[in-house]
Amino acid sequence: MILKTYQIKTFKRISNHLSGAEKRLFIAEITRSYLSGNVRKAESVFGWNRKSNALGLKELTHGITCYVDIHERGNKAIEKKEKLGK
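Residue 618 is where the sequence shown starts when you use the numbering used here, and the numbers rise one by one after that.
Everything labelled a hint here was simulated from the structure, so no lab data went into it.
Be careful, since some hints might not be right.
[To be verified] Once the Cα atoms are required to be at most 27 angstroms apart in a straight line, the calculated DSS-like pairs of lysine-lysine come out as:
(1) Lys640 to Lys658
(2) Lys640 to Lys621
(3) Lys629 to Lys658
(4) Lys621 to Lys693
(5) Lys668 to Lys640
(6) Lys668 to Lys658
(7) Lys621 to Lys658
(8) Lys629 to Lys675
(9) Lys629 to Lys693
(10) Lys675 to Lys640
(11) Lys693 to Lys668
With the hints as extra help, turn the sequences into a complete structure.
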């Protein structure tokens, strides 16, 4: 299916307002519906991350939302470091 420019802009705008599992589910549904589940094509057309899109497709297929520990990454707050004895 060929997408029109205004459709691409609309889907991008909607995805920018979502986050986490909601965003993965949205981009997976768009990828499945309009791009036959091709995550590489979705990356080139919409600029969406392939890994996030693949995870969203798996979540959509199996009906299970995966836990992504995004908040556990990076530098820890100084208060947590002091509690750990560093």
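Q. So which hints don't hold here, by number, going up?
A. Of the numbered hints given earlier, those the structure breaks are 4, 9, listed in rising order.
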